Amino acid sequence: MPKITYIENSGNSHLIEVANGLSVMEGAVQNNIPGIDADCGGAMACATCHVYVKEEWFDKVPKKEEGEEDMLDMAYEPNKFSRLSCQMIVTDELDGLIVTMPEKQG
Amino acid sequence: MIKTDTLIIGAGPVGLFCVHQLGIIGLKCEVVDNLDKIGGQCIELYPDKPIYDIPAVPECTGEGLTNNLIEQIKAFKTNFHLDERVEEIKKVEKKWITKTNKGTEFESSSIIIAAGVGSFEPRKFPTKEIEKYEGKEILYSIRDKTVFKDKTVCIFGGGDSALDWAIELSNTSKVILVHRRDDFRGMQASVDKVNQLKEEGKIEVYTKYQLDSVQGKEKIENITIKHEDGTIKEIKTDYVLGFFGLIMQLGPIAEWGLNLDKKTVPVNTENFETNKEGIFAIGDICSYPGKLKLILSGFHEGALAARGCFKYAKPDEKYRFEFTTSSKTVKDRLGVKE
Numbered sequence: 001m002p003k004i005t006y007i008e009n010s011g012n013s014h015l016i017e018v019a020n021g022l023s024v025m026e027g028a029v030q031n032n033i034p035g036i037d038a039d040c041g042g043a044m045a046c047a048t049c050h051v052y053v054k055e056e057w058f059d060k061v062p063k064k065e066e067g068e069e070d071m072l073d074m075a076y077e078p079n080k081f082s083r084l085s086c087q088m089i090v091t092d093e094l095d096g097l098i099v100t101m102p103e104k105q106g
Numbered sequence: 001m002i003k004t005d006t007l008i009i010g011a012g013p014v015g016l017f018c019v020h021q022l023g024i025i026g027l028k029c030e031v032v033d034n035l036d037k038i039g040g041q042c043i044e045l046y047p048d049k050p051i052y053d054i055p056a057v058p059e060c061t062g063e064g065l066t067n068n069l070i071e072q073i074k075a076f077k078t079n080f081h082l083d084e085r086v087e088e089i090k091k092v093e094k095k096w097i098t099k100t101n102k103g104t105e106f107e108s109s110s111i112i113i114a115a116g117v118g119s120f121e122p123r124k125f126p127t128k129e130i131e132k133y134e135g136k137e138i139l140y141s142i143r144d145k146t147v148f149k150d151k152t153v154c155i156f157g158g159g160d161s162a163l164d165w166a167i168e169l170s171n172t173s174k175v176i177l178v179h180r181r182d183d184f185r186g187m188q189a190s191v192d193k194v195n196q197l198k199e200e201g202k203i204e205v206y207t208k209y210q211l212d213s214v215q216g217k218e219k220i221e222n223i224t225i226k227h228e229d230g231t232i233k234e235i236k237t238d239y240v241l242g243f244f245g246l247i248m249q250l251g252p253i254a255e256w257g258l259n260l261d262k263k264t265v266p267v268n269t270e271n272f273e274t275n276k277e278g279i280f281a282i283g284d285i286c287s288y289p290g291k292l293k294l295i296l297s298g299f300h301e302g303a304l305a306a307r308g309c310f311k312y313a314k315p316d317e318k319y320r321f322e323f324t325t326s327s328k329t330v331k332d333r334l335g336v337k338e
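Going down the list, the sequences are from chains A and B.
According to this note's numbering, the first sequence is numbered sequentially starting from 1.
According to this note's numbering, the second sequence is numbered sequentially starting from 1.
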């Protein structure tokens, strides 16, 4: 199973095995990783599952689809490595992915 | 004091259908919602997005679903208290007394919380030192636009609210529009208008910038904005407006003594009552093993919670199950003419 590293804003790091087909958000929520709220449940409607993708991974994750950038406008302190974790689906290619959570969600 | 059988907190789809379920079993209710319109997340987050998993409705939008639910409960002439947030609840003898931020008070024998993920509040600037200016020179909504006349106003955001206010205020104020990227998500006509005003020198536009810091004493004097590449720019402004949409906050619900699991309220699955007698939770806000955050699950939860409210409203009567297809009493309540 692909392994994903979730780093809290405080620096706390969690290495989690996430099954293919789940979203990076679901991987965090199902494993009680703090820092990802996902209020809307993955509908790309709230921007509270915002993460920063580690620079070297940013171009390897599938590109943003329509609407994600609009939602990121509302995220807390977005930057050019920002993504909504509900929109990144885990595959073998994402084994080793590293994401960092913002200071808070919204 | 408004007396009713059940107070519903939340006018989203689940709260609305619960009005129906209470109505057909003969219970009265009042509904409070912090948004200024009926529909909850369906209307605030995705009015135009199609929904495909409402039973027997192959496709509808958030707005369409809301309108149909409003139509379905028309006969009950329910009062909606919009733009009001429930602040406190307390139990006095066998009744729940509820108070809103506008001072409205309710007395009911039960409360149904159908509040989604809480109430919608404006998203704020992440910058640390803004708090002392919030509500004065840093604003997230506009009540009186005349205060900006002949002043400098710096507007942050890329959606319709930001664009519309930039256009509107540019008539009487110096407007500076700042957005974190080059694309604006507002309507194309508004984007074109802003670009035109920019050409004419009536609006200054900075993209790929975000708020970095705020300086001032009693009042704001300067702000700095930071470009994606790290460049910092200083701006002299009287007002700072942020339009970043709304976020859901659990808010006062967390202080009512209910058991909480993360941001949800655990309930039993027999009638969706919480740890507090007479307080029920349905829809996205409730949790139980196997919970699905689907509108259809919320409808089911509301149907059972409504029956759960019956014994509190009419302790001396026995609830009798009836079908809408065959019960004359139910049809009368629905205003069906035969």
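Please keep in mind that the hints were generated in silico from the structure rather than gathered at the bench.
Keep in mind that the hints are not guaranteed to be accurate.
With a straight-line Cα cutoff of 25 Å, these simulated DSS-like cross-link-like pairs (lysine-lysine) come out [as the list claims (entries may be wrong)]:
(1) A:Lys63 / B:Lys128
(2) A:Lys80 / A:Lys60
(3) A:Lys80 / B:Lys124
(4) B:Lys136 / A:Lys80
All values reported here derive from a predicted model rather than from experimental measurement.
Going through the hints against the structure:
1. A threshold of 25 Å between alpha carbons decides the hint, and for Lys63 of chain A with Lys128 of chain B the separation of about 32 Å lies outside it, so the pair is violated.
2. Between the alpha carbons of Lys80 of chain A and Lys60 of chain A the distance comes to roughly 14 Å, so the proposed pair stays at or under 25 Å and holds.
3. For the suggested pair Lys80 of chain A and Lys124 of chain B, the alpha carbons sit about 20 Å apart, so the restraint of at most 25 Å is met.
4. At most 25 Å may separate the alpha-carbon atoms for a hinted pair to count; Lys136 of chain B and Lys80 of chain A exceed this at roughly 31 Å.
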